[in-house]
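Peer 1: Protein chains in written order, with the working numbering: chain A, 66 to 350; chain B, 71 to 169.
Source of the hints: derived by calculation from the structure; they are not laboratory data. Ideal Cβ positions, reconstructed from N, Cα and C, are used throughout, including at glycine. Each hint should be verified, as a subset may be incorrect.
Derived CB-CB ranges, DEER-like [as the list claims (entries may be wrong)]:
| no. | chain 1 | residue 1 | chain 2 | residue 2 | range |
| --- | --- | --- | --- | --- | --- |
| 1 | B | Thr-164 | A | Pro-186 | 46 to 54 Å |
| 2 | A | Leu-157 | B | Leu-167 | 18 to 26 Å |
| 3 | A | Glu-184 | B | Pro-158 | 28 to 36 Å |
| 4 | A | Gly-199 | B | Pro-158 | 41 to 49 Å |
| 5 | B | Pro-158 | A | Leu-203 | 43 to 51 Å |
| 6 | A | Gly-127 | B | Leu-148 | 20 to 28 Å |
| 7 | A | Lys-200 | B | Asp-160 | 18 to 26 Å |
| 8 | A | Ser-194 | B | Asp-72 | 36 to 44 Å |
Straight-line C-alpha distance at most 16 Å; calculated EDC-like pairs for lysine to aspartate or glutamate [stated by the list, open to error]:
| no. | chain 1 | residue 1 | chain 2 | residue 2 |
| --- | --- | --- | --- | --- |
| 9 | A | Lys-200 | A | Glu-184 |
| 10 | A | Lys-200 | B | Asp-124 |
| 11 | A | Lys-200 | B | Asp-160 |
| 12 | A | Lys-200 | A | Glu-67 |
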Amino acid sequence: MEQVAFFAGAIGALGGAIAVIALRNPFYSVLALVVHLFSLAGLFLLLHAEFVAAAQIVVYAGAIMVLYVFVAAYVGGFEEPLWDAIPAQRMLAPLLAGALFIELSIAILGTGLSSLGSEGPTIPFGFGSPEAIGKLMLERFLIPFEGASLLLLIAAVGAVVLAARRPALDPASPGGSEGDERVDRISGSPEGGEPTAHDIPPSQTASQRWDEKAREGAAADHGPTPSTRPPVPAGSDPREGGAGEGPADTQVAGPEEVGTGGRPPARRTEAGPLPAAPAPPGEPR
Amino acid sequence: MDLTWYLVLSALLFSVGAGGVLVRRSPLVILLCLELLLNSANLALLAFARSLGDADGQIFVLIVMVVAACEVVVGLGLIVAMYKRRMPLDVDETRGLRG
């Protein structure tokens, strides 16, 4: 009976493992791993590790596999071509895996351990039960237990940091910058830079825009910053023009304000509703 | 069943997982193969725990499962970050750190 259970579990575990690496779709690989984990939990039960088997099913097949399924569904059903990138890999990898198996088997069988051919001693009642495991964990292995909890905390924080959006790092990625800008514009996330015209009332946008112009004008007066700044008015002007003012005005004002610092505010007061005209020129200093 | 059967099965599962890490190039499947490796090690640990009649190996298995969970969380976070930055999900393509 035990042999039947062992071979059933072994076939399930081995089949699941082979299916994990043989299936093309990662989603199916994840499901094959669930089969593998359940078979392995059966083997754990044969080894009188009841609590570990339950934890295997609950933690692994329950929680971790759900995480895998979520990520596989999020990343999408891409099908990787199994064999064709490095042709030598096709021959070499199974060969190496087979060599590893033979080596491990020689190592196992060659140890000459007297316990290899036996089932082990008769174990006491309650071996591997939650009670025994809990007693061991909280008495003898208290420090590894606390270390494990600390490790889980660090991993949770690390996952949040990894998966969080960091727009400052996006342009560094190869070919990733324009795509992410598109995402920013679609989702309208507020961290994507300057606020859009829909978020704030028009008078405020006008004054803010006017502040920007004044700041740029002052910077153009005072020296080295404009050499780094010029892309900013060139890039931001058309978008601001859509906010309510005629684009012709901003384009006319553009070249002038680089030369003469203080004048664009005066033009703005004619063009649009602008409160508090004299205040912002003093602000940049 | 003898201890040998469990150990040979564990070695077989470990080789399958190692071959998967060598063959596959999707980082998600590589993480799955790492799970295979860790689980085969768990099987060997439990087999030895049974063979010695000592439950310490089971504590070891539980700690290994914690480590595997952390590895999965961080690895999947990396995969999601790669996907968000439009990087190719292929470990042959992401070679920015190769010397």
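Peer 1: Look at the Cβ atoms of B:Thr-164 and A:Pro-186 and judge whether their distance stays inside 46 to 54 Å.
Peer 2: holds (50 Å)
Peer 1: Does the Cβ distance between A:Glu-184 and B:Pro-158 fall inside 28 to 36 Å?
Peer 2: With Cβ atoms ~50 Å apart, the hint is violated.
Peer 1: Range hint 43 to 51 Å: satisfied by the CB atoms of B:Pro-158 and A:Leu-203?
Peer 2: holds (46 Å)
Peer 1: Is it true that the C-beta distance of A:Leu-157 to B:Leu-167 lies inside 18 to 26 Å, as the hint says?
Peer 2: holds (23 Å)
Peer 1: Do the alpha carbons of A:Lys-200 and A:Glu-184 lie within 16 Å of each other, as the hint requires?
Peer 2: Not OK: A:Lys-200 and A:Glu-184 at ~25 Å, beyond 16 Å, violated.
Peer 1: CA of A:Lys-200 to CA of A:Glu-67, is that 16 Å or under?
Peer 2: violated (29 Å)
Peer 1: Check the following: the C-beta atoms of A:Lys-200 and B:Asp-160 are separated by a distance inside 18 to 26 Å.
Peer 2: Since the Cβ atoms of A:Lys-200 and B:Asp-160 sit about 47 Å apart, the hinted range of 18 to 26 Å is violated.
Peer 1: Could you say whether the range 41 to 49 Å given as a hint is met by the Cβ separation of A:Gly-199 and B:Pro-158?
Peer 2: Holds, since A:Gly-199 and B:Pro-158 (Cβ atoms, about 46 Å apart) stay within the stated range.
Peer 1: Do the alpha carbons of A:Lys-200 and B:Asp-160 lie within 16 Å of each other, as the hint requires?
Peer 2: Not satisfied, since the Cα-Cα distance of roughly 45 Å exceeds 16 Å.
Peer 1: Taking the CB of A:Ser-194 and the CB of B:Asp-72, does the distance hold inside 36 to 44 Å?
Peer 2: violated (24 Å)
Peer 1: CB of A:Gly-127 to CB of B:Leu-148, is that within 20 to 28 Å?
Peer 2: Since the Cβ atoms of A:Gly-127 and B:Leu-148 sit about 23 Å apart, the hinted range of 20 to 28 Å holds.
Peer 1: CA of A:Lys-200 to CA of B:Asp-124, is that 16 Å or under?
Peer 2: Roughly 13 Å between the alpha carbons, so the hint for A:Lys-200 and B:Asp-124 holds.
Hint compliance for this structure: hints 3, 7, 8, 9, 11, 12 are broken, all remaining hints hold.
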